[in-house]
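Protein chains: 6
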Amino acid sequence: MKQETGDFSLPRPLVVRAVSRALAEDLGTAGDITTDATILAGKHAHATFGARKSGIIAGLDVARAAFHALDKSVTFTPLVKDGDSIDEGTVVARVSGNARALLTAERVALNFLCHMSGVATLTRKYVDKVAGTRAHILDTRKTTPGLRAFEKYAVRCGGGRNHRHGLFDAVLIKDNHIVAAGGVGPAIEAAREHAGHMVKIEVEVTSLIELHAALQHEVDVVMLDNMSLDLLREAVRRVGPKALTEASGGVSLETVRAIAETGVDFISVGALTHSAPILDLGLDFEPL
Amino acid sequence: MKQETGDFSLPRPLVVRAVSRALAEDLGTAGDITTDATILAGKHAHATFGARKSGIIAGLDVARAAFHALDKSVTFTPLVKDGDSIDEGTVVARVSGNARALLTAERVALNFLCHMSGVATLTRKYVDKVAGTRAHILDTRKTTPGLRAFEKYAVRCGGGRNHRHGLFDAVLIKDNHIVAAGGVGPAIEAAREHAGHMVKIEVEVTSLIELHAALQHEVDVVMLDNMSLDLLREAVRRVGPKALTEASGGVSLETVRAIAETGVDFISVGALTHSAPILDLGLDFEPL
Amino acid sequence: MKQETGDFSLPRPLVVRAVSRALAEDLGTAGDITTDATILAGKHAHATFGARKSGIIAGLDVARAAFHALDKSVTFTPLVKDGDSIDEGTVVARVSGNARALLTAERVALNFLCHMSGVATLTRKYVDKVAGTRAHILDTRKTTPGLRAFEKYAVRCGGGRNHRHGLFDAVLIKDNHIVAAGGVGPAIEAAREHAGHMVKIEVEVTSLIELHAALQHEVDVVMLDNMSLDLLREAVRRVGPKALTEASGGVSLETVRAIAETGVDFISVGALTHSAPILDLGLDFEPL
Amino acid sequence: MKQETGDFSLPRPLVVRAVSRALAEDLGTAGDITTDATILAGKHAHATFGARKSGIIAGLDVARAAFHALDKSVTFTPLVKDGDSIDEGTVVARVSGNARALLTAERVALNFLCHMSGVATLTRKYVDKVAGTRAHILDTRKTTPGLRAFEKYAVRCGGGRNHRHGLFDAVLIKDNHIVAAGGVGPAIEAAREHAGHMVKIEVEVTSLIELHAALQHEVDVVMLDNMSLDLLREAVRRVGPKALTEASGGVSLETVRAIAETGVDFISVGALTHSAPILDLGLDFEPL
Amino acid sequence: MKQETGDFSLPRPLVVRAVSRALAEDLGTAGDITTDATILAGKHAHATFGARKSGIIAGLDVARAAFHALDKSVTFTPLVKDGDSIDEGTVVARVSGNARALLTAERVALNFLCHMSGVATLTRKYVDKVAGTRAHILDTRKTTPGLRAFEKYAVRCGGGRNHRHGLFDAVLIKDNHIVAAGGVGPAIEAAREHAGHMVKIEVEVTSLIELHAALQHEVDVVMLDNMSLDLLREAVRRVGPKALTEASGGVSLETVRAIAETGVDFISVGALTHSAPILDLGLDFEPL
Amino acid sequence: MKQETGDFSLPRPLVVRAVSRALAEDLGTAGDITTDATILAGKHAHATFGARKSGIIAGLDVARAAFHALDKSVTFTPLVKDGDSIDEGTVVARVSGNARALLTAERVALNFLCHMSGVATLTRKYVDKVAGTRAHILDTRKTTPGLRAFEKYAVRCGGGRNHRHGLFDAVLIKDNHIVAAGGVGPAIEAAREHAGHMVKIEVEVTSLIELHAALQHEVDVVMLDNMSLDLLREAVRRVGPKALTEASGGVSLETVRAIAETGVDFISVGALTHSAPILDLGLDFEPL
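Protein chains in written order, with the working numbering: chain A, 1 to 288; chain V, 289 to 576; chain W, 577 to 864; chain U, 865 to 1152; chain H, 1153 to 1440; chain B, 1441 to 1728.
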């Protein structure tokens, strides 16, 4: 299937708030003292965002918002779309307008764009590894504080799928919940009773015995945590059509293909959001 | 090593705000629907933060703040200090109190602690590589939007030094500023005139010719950008005691030692904050 | 009644923020000028929250938070639990502490408590009407701006269930989505593809023809909108075990029983949150 | 004089903030997942706001702001003015622009418009009941937390008058203040002394004895609380031109006319803001 | 003088927010780098707030809040009350606790305390000048942006009275309003009609002709703007008991007595809040 | 070189936030009730900002932002630049647009403009006094809470220089730090070690003995606090080229020239920001 990224949008008020916060962090109360001292207030400039490495782009709208927070008349023209795979050297966007605004917002725009593209790029590597299997790559709640929406959007740009967005939109029953509820059955029933019919329920199991107990109840997804490949394969077989299956724990670019070949529906990878290196992009100015 | 990390404190209002924002992101409007459905409101619990890998700890106060934002009566007892080097398996803190509060704040606490410790751990690797040279490892402004203070604190915990905190607290004159100001001399003079006597001035140069021009003026630091080792060595020699020297560009764990041996005072590494993988820590509950 | 309300908690940071906002609204910049002029700063007082009518209580924690925002030493002792059914005249809580704090926070505490209890009380009336049928009463997104979490919590206190919390946590495909996507099938497939496996999908239909089309695809819930009782009954029969059914449109206390008896699983009622009158409660002071 | 509603404006910064808050509540971090999955990003749409019932309109500017918060290029054209009385079926506004923006902001726009119009509509019913008497209908501080400005504006649109906006802009001396101050006289004098000459003073009385005591002092308004019609009539007679009179307590659409005919100047009705059902309006899209 | 200042309280949420904002301004993202580098984290300290000049104290609660925002265990003991007149050398408060917290919050605490006490001190000078006349000293809306509540509180501490707090709590009809409304009569009637019965109405006049026109209508206060002493005296005579009178314009410590002796009820002085020099106070530490 | 003020810019997000806060303070929840009652919603107006006194202008962009926060279509045309010296009677800007917006934003615009211009005007007086000496006039951290960026900008407009912006961007070692660190040497070394190489270090001394101790270490600036002129002169001589010198304490318009003639590089003046009277400007409307 041809992933149609760019179809997705980040809620605009979220973007405006996050960009404003990042600019406040970089500008402090004194502003860009280097630029103010050396660049005339009325000067114009042109620059291009260029990729120093190949990868997947994500965050163009956020980069645009960084410039517009300083000067609404800046023109930002993307030349690719979020989710596009680009080669080293690709020009991904042009920006032109007040030179001070461009120089002052440059780092904030790049910090978002490089981080989000880094998440998308790492995601795509995992997605490519499992190509041809039934498995989809999922993110987790192990995200950078304050940037969850941006990182989950980037995961989608990379061809991954989103797990729940927070504690609020799906039930994930883990060992502590099971113990406290008096068993996996009571835990699932309590969740059914309280969490609402629009909410899916997933249960984490670490052995076939726990899996057996969980399958006595109606669950939407079973998380098979830290299982060996053999155990995974057997677990997937036993679940059959009763639920979706998610493998988690110990997933790396080296292991993901073998895990996918056990037949699981989903493989969740914390590293997508907690350990992705940036995609290196830079802003190149035409001579001022 | 004599660096006394842990001496440093993050501004408390910053911590409170960032933790509150991260909790809002994870709790949404419905809260932790799994925990609310399965754990009795009055239940107590005990848990420990354990290191799954060895590394440097940073962010214990932030983790504590995550629990206290939900319940001020939770007890959080650190067993190590920020900046300590810990082995895999080390218990870094104990936490006890209301079971719902512990389970609900767990991920936010870990997201901060693992990310900050990841930055500190990567920093320490660079710091160790240059041990015995005069070089100090520096961070950059290539930080995760919204988390700059937390990442710069983590760099200090790892034994690194902080470059400027933003556009507001030091001058860094780059090529565009030089061109716009009509040369490196006018740029430096404009900065001296406008930026204030409490502000240090650094100039970026990429060749010996640019270096020569910059050294005709009083600058505090010279950034030697993307130079070969030979060029770096010669540049350091020419700068002599006139300014501090900072190498930047193309720095990796493989190259940093050789760069340090050129005699530069500082080596700045964007990867410390833009590409550090997390340090893996987990929260282990005593049976509920 | 077996519903264990009170088990549920409102996210504490949400409560603190909403109460702070409401106090700012009532206090302005000059504060409570009547109380400041007439009550000595150090005076103590005791008061009780009393029900002027019978109904269901919701919002006791929010009322407590209103006092604590002004003075953390105020003692607030609930005598009933959220979700309890109370008679006219019941004392639902005692509060004691600084007299100025009590008088100044009184109206904010009551505005939350009366509104939330009003929602819970109306919900219970609907819930009682459908007792013995399989139908559950649902809320909608037709909530008071800024108070959705509080109103959805109150619906749970009243024995109702929550529909989705927002546009973000479940898919609800309506006519415009279907037309734009080129039919109910493409719309459902697009949602499956993009919205994630942890997200449930509901489709709104208004006729048996539309229902037939929707049932060719895998959906979790079918919303049967504005159907006559006969049509509803037939629709429920045709859906069978393939999906859950939700009746919406034209629901009132007069009609809800008949609707429930068609066999639908859920009946959504916008009035629960957009048109519930308050439950009248007052704060009675012991003579100062 | 013919009340010219629509002359009044809500402070624009208040509107922007409240709308932004409501959108954040509805969009969460994932946004409108149904619309993003099914509607192309560039699609345009046209729709009309139609009244499902007759009533009084209030909140058109707030509805417009909801769309503009997502997309400034949306065109919103009101066809009536706030305060206008409209029949069932009236088209009150047209909106056109990006289809996603229209669908995503629809519910927030309607939630404000329906709630505010509901308050205006209920107010007008009370106002009409007392037509021909000297009495004006007043709101109270029993408003929905966070929405006081919006509800008090809606009351004006309905032909009512605003009582004080909060604890800060007028003195209202109640029984507790009187007891604490050592009598109605000392309470009034304390208020005169401390509250400032631009602030009006109202005293609540529940008997002719209390009224007599209050009238020994200079007060602007006397609140006659929970009095029988006979008592009210006598109280109004005794106050004469010395102060304005306000009846409060036990006011309903059934009782308000008789109360007005006692000759009071004002009748305050908490239900206007705490128990008004919405006015039902919907957004009808032209086929996409 | 019988004015019991100190009876008044600043709304606590306002204080918390303003102090938090001021600390953020002073701490930035790096915090107090001098104190962190030189003072051990666990060290305790004791210090006293001393007056370098005589004057009136205002803002003790705000100073306390500055320390508590950093460390709730700091002890702050006021030795005088807001509104007290103190001599040079007076110790106004003691503070003890964590040395870092004391040093880091010192400047924010002093900036509030010195500014507020400066406003109170200047106010008292005006109040003393008019002692024995009927005139009260009023503030205006010419306040420092963001600090209006603090400055109006300080004016009360100095023995002055507050004019309206903003555009929202009283009507003040000036020349432009009169021209736009078609005369002073229509302007007053429009205000009566729209602004609500709890709102006082003041009209600004600059000549006896304008005064005559205004007095044909019911107004609460007449502002006599920029009139000569003779004109003021005549205007006060003509107003008689029909309204309160306020003199404004050209008021200084030199002129205020003569103005008061014309018999006006109030004299408003913009300088109280827009041009008051600070009262010099300092924080003296016991040897660490 | 001729100081080119106006070259400097205030960070735009700071301006937007501060103006929004000030408008909220002035408008409350009811808005400008006088203007709403008397001025038709669609009316246009023209007005000019005129100087009632001579002085230095600062804050034109902030004034513009006040109008634009209410109505983006208002036209604001500055006729002078920030930093310009203007005579009494000068028209500094024209503004035209919706009459309500102009009248409602007038006071907020003036409160910023008059305060900032007051700071700039007082600064210029000090700057003029020291003309021809080597001394520059500095501000301090004794600023009005919440307005530091605005006041420091105004100081630059007046020809002064900025000292550090907060506790975060430079080290200033005072007596308590020295005592706690165990001497001036350990204090300076600790600061060098911890504060970073981009941060300048200043030490406060009050005697030649302390100065001697400080000069044994590398410091950037020496603050000579509260020294007599003779002592200052000797201190400056002893420091020589080893560091910059700053005189502080007891500086007034009467004493500043003599202090400057001792040869110090900088003279810091708290009064610039904590005790500057406003520059009186007004907004004059063309007849409506």
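Check before you lean on any hint, since a few could be wrong.
Residues of chain U clear of chain A, computed beta-carbon distances all greater than 12 angstroms [stated by the list, open to error]:
hint : residue
1    : Asp896
2    : Asp948
3    : Arg964
4    : Ala965
Label-pair restraints from in silico Cβ distances [claimed, not checked]:
hint : chain 1 : residue 1 : chain 2 : residue 2 : range
5    : V       : His334    : A       : Gln216    : 24 to 32 angstroms
6    : V       : Arg305    : U       : Ala1122   : 54 to 62 angstroms
7    : V       : Glu481    : B       : Glu1674   : 54 to 62 angstroms
8    : V       : Thr365    : U       : Ser1116   : 56 to 64 angstroms
9    : V       : Arg305    : B       : Pro1626   : 48 to 56 angstroms
10   : H       : Thr1229   : V       : Thr365    : 42 to 50 angstroms
11   : U       : Leu1117   : A       : Gln216    : 50 to 58 angstroms
12   : A       : Asp128    : V       : Glu481    : 52 to 60 angstroms
I should point out that these hints are in silico values taken from the structure, not numbers from a laboratory.
Note that CB positions come from ideal geometry on N, CA and C, so glycine has one too.
Structure-based check of all given hints:
no., hint, in the structure
1, Asp896, "violated, 8 angstroms"
2, Asp948, "holds, 31 angstroms"
3, Arg964, "violated, 7 angstroms"
4, Ala965, "violated, 9 angstroms"
5, His334(V) with Gln216(A): 24 to 32 angstroms, "holds, 31 angstroms"
6, Arg305(V) with Ala1122(U): 54 to 62 angstroms, "holds, 55 angstroms"
7, Glu481(V) with Glu1674(B): 54 to 62 angstroms, "violated, 30 angstroms"
8, Thr365(V) with Ser1116(U): 56 to 64 angstroms, "holds, 59 angstroms"
9, Arg305(V) with Pro1626(B): 48 to 56 angstroms, "violated, 34 angstroms"
10, Thr1229(H) with Thr365(V): 42 to 50 angstroms, "violated, 31 angstroms"
11, Leu1117(U) with Gln216(A): 50 to 58 angstroms, "holds, 57 angstroms"
12, Asp128(A) with Glu481(V): 52 to 60 angstroms, "holds, 54 angstroms"
This entry does not satisfy hints 1, 3, 4, 7, 9 and 10, going by the numbered hints stated previously.
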